[in-house]
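Colleague: Line by line, the protein sequences are chains A and B. For the numbering used here, count along the first sequence from 1 and bump the result up by 234. For the second sequence, counting from 1, position 147 maps to 135 in the numbering used here; every step adds exactly one.
These aren't lab readings, by the way, just hints derived from the structure by calculation. Please note that the accuracy of each hint is not assured.
Stated by the list, open to error - Result set (EDC-like, lysine to aspartate or glutamate): computed pairs, CA atoms no more than 20 Å apart in a straight line:
id, chain 1, residue 1, chain 2, residue 2
1, B, LYS64, B, GLU183
2, A, LYS316, B, GLU102
3, A, LYS236, A, GLU252
4, B, LYS64, A, GLU291
5, B, LYS157, B, GLU123
6, A, LYS236, A, GLU287
7, B, LYS70, B, GLU183
8, A, LYS316, B, GLU183
9, B, LYS12, B, GLU149
10, A, LYS295, B, GLU96
11, B, LYS212, B, GLU67
12, B, LYS64, B, ASP182
13, B, LYS157, B, GLU6
14, A, LYS282, B, GLU67
15, A, LYS316, B, GLU103
16, A, LYS236, A, ASP284
17, A, LYS339, B, GLU149
18, A, LYS295, B, GLU183
19, B, LYS212, B, GLU102
20, B, LYS12, B, ASP182
21, B, LYS157, B, GLU181
22, B, LYS12, B, GLU183
23, B, LYS64, A, GLU287
24, A, LYS339, B, GLU103
25, B, LYS12, B, GLU123
26, B, LYS212, B, GLU149
27, B, LYS64, A, ASP284
Each chain, letter by letter, is given below.
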Amino acid sequence: MKPYRGLAIIFGFYALGEFTSSALDLPIPGSVLGMLCLLTALLGGAVKLDWVESEAELFVKNMSIMFVPPGVGIMVYISLLKSQAVPIFGALIISFLITILVTAKTVELLRRGEE
Amino acid sequence: MNPYGIALTLVVFYAFSEIQGRRKAFYTNPVLLSIITIAALLWAGGFTYESYMESAVILKFLLGPAVVSLAVPVYKGRETIKAYAREITAGIVIGGTVAILSAFYTAELLGGSEEVLLSITPKSVTTAIAIGVSEKIGGIPELTAVLVVLTGILGNAVGVELLNVTGIKNRIARGLAMGVTSHGLGTARIILEDELAGAVSGLAMALNGIFTSIVLPFLIEVLK
């Protein structure tokens, strides 16, 4: 059964990442370690792209709905959101402006003279 | 296990996705609208977050394998990464660091509490990774989830206009800036304007997620 191969690889790498993160007490999330391991396996040829491609795309394309349950958790923190509204929304907007402009300018400076 | 949480999430999210399918705009974003609607319904009905999460937690759990799956788009984009290695490296290292530091220091300057500072630093990273990072550094993952979505919506709503007004024309620069700053929602917007910028934006989102999850825990130790 083809889908099980892809799912076995994805969940296997997830478990491997979580195990490594907790066993070595690393600050990096297990899921990110799992991604790096899967990427290494793809680049090294140990895992073929078509073994995981359709299953991985199913997960990536349907990721948005997975943010809803943790987001709903904000209802528990409404009072925090109210009492800290200025630092939270102030930082959100100012950091957004600084980040997008600094990143764009940095790359633009590097690209200057090449076009 | 009661099935209400997962059923409610699927029904509400499906309804808002249908609406967005008909009217594509930042204010029809199904993630934010679903979060607000479900939280309001639970609150009005006197239900607790715990009773909702009893089954809705399945969806949250799937974020783990979804992050692992991001290896596939990164792998498929390896030629683009090679072709623009210098720009991508600089954009992610500088942009990713600026995203963390500017959020931390602005929140601190405006009187944010420690839990707010910790929860806001991963806000420019794709939600799945940001939640994991927030958990690891002692932030509130639920607060982080909402801040990430709001950052994405900001990028989706005004990111392209901001780049236009400030005269940034280079397509690689535009894509990287959108992906590094406002992850998936930023990417979704710029891909409508320019396919190359959109592809670069998607890669920048994934790579910035990796970069931030490795750098932020160490940086936080210094900042705290």
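Colleague: Taken at face value, is the distance from the CA of GLU183 (chain B) to the CA of LYS295 (chain A) at most 20 Å?
Modeller: The hint holds at about 18 Å.
Colleague: What's the verdict on LYS12 (chain B) and GLU149 (chain B), does the C-alpha distance respect the 20 Å limit or exceed it?
Modeller: 17 Å, holds
Colleague: Keeping to a limit of 20 Å between CA atoms, is the pair of LYS295 (chain A) and GLU96 (chain B) held or broken?
Modeller: 36 Å, violated
Colleague: Does the structure keep LYS212 (chain B) and GLU149 (chain B) at a Cα separation of 20 Å or less?
Modeller: 35 Å, violated
Colleague: Starting from LYS157 (chain B), check that the Cα of GLU123 (chain B) is at most 20 Å away, please.
Modeller: Violated. LYS157 (chain B) to GLU123 (chain B) sits at ~38 Å, over the 20 Å cutoff.
Colleague: With a cut-off of 20 Å on the C-alpha distance, tell me whether LYS236 (chain A) and GLU287 (chain A) pass.
Modeller: 11 Å, holds
Colleague: Hinted pair, alpha-carbon criterion (20 Å max): LYS236 (chain A), GLU252 (chain A). Please report holds or violated.
Modeller: At roughly 25 Å apart (the allowed maximum being 20 Å), GLU252 (chain A) and LYS236 (chain A) break the hint.
Colleague: Is it true that the CA of LYS64 (chain B) sits at most 20 Å from the CA of GLU287 (chain A)?
Modeller: 10 Å, holds
Colleague: Against the 20 Å threshold, does the CA-CA distance of LYS64 (chain B) and ASP182 (chain B) hold or violate the hint?
Modeller: 19 Å, holds
Colleague: Next pair to validate is LYS64 (chain B) with GLU183 (chain B); report whether the Cα-Cα distance is within 20 Å.
Modeller: 15 Å, holds
Colleague: For a C-alpha distance cap of 20 Å, please report whether LYS157 (chain B) and GLU6 (chain B) respect it.
Modeller: 34 Å, violated
Colleague: Taking 20 Å as the top limit, are the C-alpha atoms of LYS339 (chain A) and GLU103 (chain B) close enough?
Modeller: Given pair LYS339 (chain A), GLU103 (chain B) is violated - Cα atoms ~32 Å apart, limit 20 Å.
Figure legend: structure checked against the earlier numbered hints; hints not met, in rising order: 3, 5, 8, 10, 11, 13, 24, 25 and 26.
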